[in-house]
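So the chains spell out like this:
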Amino acid sequence: MFEATQLNRKNKTRQRMFSIGLGSMTGLLILPVALIMGMLIYKGAPVISFEFLFTSPTNGMTAGGIFPALLGTVLLVIVALLASVPLGVAAAIYLSEYAPDNWFTRAINLAIINLAGVPSIVHALFGVGAFVIFFKFGTSILAASLTLAIMTLPVVIVATRESLQAVPMAFREACWNMGATRWQTIRSVVLPNAITGILTGVILEVSRTAGETAPIMFTGAAFFLPLLPQGVFDQTMALSLHLFVVSTQVPGMPEQLPFGVALVLISMVLIMNSLSIALRMYLRGKKKW
Amino acid sequence: MPKRTRLSILLLLASAALVTACGGGEQRQVIQNKGSDTLVNVAQAWAEAYQTVNPVVVVAVSGGGSGTGIAALINGTVDIANASRAIKDKETKLAKDNGQDPVKHVVGFDALAVYLHGDNPLDEISIEQLAEIYADGGTYLNWGDLGVEVPGCQDQEIVVVSRQNNSGTYAYFREAVLGDKDFKLGTRDMHGSKDVVDLVEKTPCAIGYSGLAYATDHIKMACVAQETGGSCTNPSVATAVDGSYPIARPLFMYTNGEPTGVVGDYMNWIKSNEGQCIILEKGYAPAIEANCG
Chain A
1 MFEATQLNRK
11 NKTRQRMFSI
21 GLGSMTGLLI
31 LPVALIMGML
41 IYKGAPVISF
51 EFLFTSPTNG
61 MTAGGIFPAL
71 LGTVLLVIVA
81 LLASVPLGVA
91 AAIYLSEYAP
101 DNWFTRAINL
111 AIINLAGVPS
121 IVHALFGVGA
131 FVIFFKFGTS
141 ILAASLTLAI
151 MTLPVVIVAT
161 RESLQAVPMA
171 FREACWNMGA
181 TRWQTIRSVV
191 LPNAITGILT
201 GVILEVSRTA
211 GETAPIMFTG
221 AAFFLPLLPQ
231 GVFDQTMALS
241 LHLFVVSTQV
251 PGMPEQLPFG
261 VALVLISMVL
271 IMNSLSIALR
281 MYLRGKKKW
Chain B
290 MPKRTRLSIL
300 LLLASAALVT
310 ACGGGEQRQV
320 IQNKGSDTLV
330 NVAQAWAEAY
340 QTVNPVVVVA
350 VSGGGSGTGI
360 AALINGTVDI
370 ANASRAIKDK
380 ETKLAKDNGQ
390 DPVKHVVGFD
400 ALAVYLHGDN
410 PLDEISIEQL
420 AEIYADGGTY
430 LNWGDLGVEV
440 PGCQDQEIVV
450 VSRQNNSGTY
460 AYFREAVLGD
470 KDFKLGTRDM
480 HGSKDVVDLV
490 EKTPCAIGYS
500 GLAYATDHIK
510 MACVAQETGG
520 SCTNPSVATA
530 VDGSYPIARP
540 LFMYTNGEPT
550 GVVGDYMNWI
560 KSNEGQCIIL
570 EKGYAPAIEA
580 NCG
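Protein chains in written order, with my numbering: chain A, 1 to 289; chain B, 290 to 582.
Next up, chain A with everything else stripped away, as it sits in the complex:
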């Protein structure tokens, strides 16, 4: 009944062209990820073994394992999270639920955005000045983790604030109408509904914290340590710095070893991310709206 006109056909071809064109662009996004992972697995997988993961480096770091670096990264991430998550979530709750919209709040928001834009090497120098020298923490896990925490604070704040604001206003109003205080509303209605978004922020923070090299290089990570750290005032080795060291600083390094370190680092981040994503999906499944 309807014969396709020339215009119809032209539009159809163009539509298909763009669909394929844009689709293949999207496909290209996967390419670097696939190449990186493929290369790391191909070159790095042969060196991965129980010894590699759970023993100390020997023979000028050209042999043995990477356990001190692996443990160091885990410790740095945990201590950084302990510092930044409570602080960031608290600040976000205030900004989203309590703060009036005035010049002061706007200045704080601006400061957060600027903090997010500060290059990591500048955070590193700040960390040296503030934590290592001024607070006299020395080069230590504490100094490094606090530097990392400050660096990742904006991520936590922004993610938390956005997920708090995604909770419909009607939920809060309903709660207030029942006579609940602001805090009761936050505690029993807003936070439970926003927890998935907050976790997203934490996931992002974990990934970034584990991979950062510059902020920890001056503040707490060592080129080499013969023993494991005993407390937060000790220095530690870290995977990201270890990767830099084994790929550029040590002559006679077996070619595979840096790839192995990189593979462990990226797997660690991926595993942590997947765990958090699984938790997030589980919590979202329980959401009632």
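Read the hints as simulated data drawn from the structure, not as lab findings. Glycine residues also receive a C-beta, built at the ideal position from the N, C-alpha and C atoms. Some hints here could point you the wrong way.
DSS-like, lysine-lysine: derived pairs with alpha carbons at most 27 Å apart [said to hold, decoys possible]: (1) B:Lys382 with A:Lys136; (2) B:Lys491 with B:Lys509; (3) A:Lys136 with B:Lys379.
Partial list, derived from the structure: chain B residues whose beta carbon lies under 10 Å from chain A [said to hold, decoys possible]: (4) Lys323; (5) Val329; (6) Ala332; (7) Gln333; (8) Glu337; (9) Val346; (10) Val347; (11) Gly365; (12) Val367; (13) Ser482; (14) Gly550; (15) Gly553; (16) Asn557; (17) Ser561; (18) Lys571.
Fit chain B to the given chain A structure using the hints.
Frame of chain A; chain B shown alone:
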């Protein structure tokens, strides 16, 4: 409140991990050791070996360059600073103003090798020629100026590889070869001894300088003469020890005051036969006549 339970379990796990990692009872003593990238691998080897000598002492090793190490000593954040150049008067003064008293220890010698690509036909080079290549105002731009043609080097232009300016290797090369003149503009400044060797190894047109210890099988080291046409000396541990190689330098460790206690023991061990055999094994010349069997 299942959510609260879950949260507390998470926190509990986190703190448990922290406690396990930080467990262990014995009183341990940490020596902070930071500085020269040239010395960092030796420092690492010393730290690793010292575990068998005194398991209670932990030597934390970091790199960053001689300047970084000396700055840390001035700030009082390290016990031992590694340096491949001597401390400057300005730095000594800064340290004194900060209540630190840098004391110099010679822990070994390093021959600075002039590295060339494996295919480069050049065998000998003089200090003057090096200055023509590296110094500001130097006239050598092409390999032809040295009378050679380098296969695989497209326009025969010399690719000049140098180091970043807080490196002790950079400072020593400037002093010993350029007579404290500035470097030419347009040098490739690498951030590590090994990076120089890696680049020269892959670049037919390149020339670079770096510690002898970083030599690989695929790279060529020039025989260095004091004067053009004069007799040249190959870089080696032996020629660095006897002083016949023209660009060999002492390697230093600086402590705050005469070292005592664990730092003193560690410094003595480094200067002992055992410590000096480790530096020899790493490709540097020992500071004493070491008997390593």
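- Message: Holds or violated: the hint that Asn557 of chain B contacts chain A, with Cβ atoms closer than 10 Å.
- Response: violated, 18 Å
- Supplied contact hint for Lys571 of chain B, tested at 10 Å Cβ to chain A: holds, 8 Å
- With a cut-off of 10 Å on the beta carbons, see whether Lys323 of chain B makes it to chain A. holds, 8 Å
- Query: Is the hinted pair Lys382 of chain B and Lys136 of chain A satisfied, with a Cα-Cα distance of at most 27 Å?
  - Reply: holds, 23 Å
- Should the interface hint for Ala332 of chain B be scored as holding, given a Cβ-Cβ cut-off of 10 Å against chain A? Holds - the Cβ of Ala332 of chain B comes within 10 Å of chain A, reaching about 8 Å at its closest.
- Could you grab the alpha-carbon distance between Lys491 of chain B and Lys509 of chain B and see if it respects the 27 Å cut-off? holds, 12 Å
- Cut-off 10 Å, beta-carbon criterion: hint that Gln333 of chain B touches chain A: holds, 4 Å
- Taking the least C-beta to C-beta distance, is Gly550 of chain B closer than 10 Å to chain A? This interface hint is violated because 18 Å lies over the 10 Å limit.
- Message: Ser482 of chain B was flagged as interface toward chain A. Is the shortest Cβ-Cβ separation under 10 Å?
- Response: Given a least distance of 8 Å, the restraint on Ser482 of chain B holds.
- Measure nothing beyond the straight line between the CA atoms of Lys136 of chain A and Lys379 of chain B; if it is 27 Å or shorter, mark the hint as holding. Measuring from Cα to Cα gives roughly 25 Å; hence the hint holds.
- Message: Hint validation: Ser561 of chain B versus chain A, beta carbon distance must be below 10 Å. Holds or violated?
- Response: violated, 18 Å
- Does the interface hint hold: is Val347 of chain B within less than 10 Å of chain A, judged Cβ to Cβ? This interface hint holds because 5 Å falls under the 10 Å limit.
The structure is inconsistent with the numbered hints 14, 15, 16, 17, although it conforms to all the rest.
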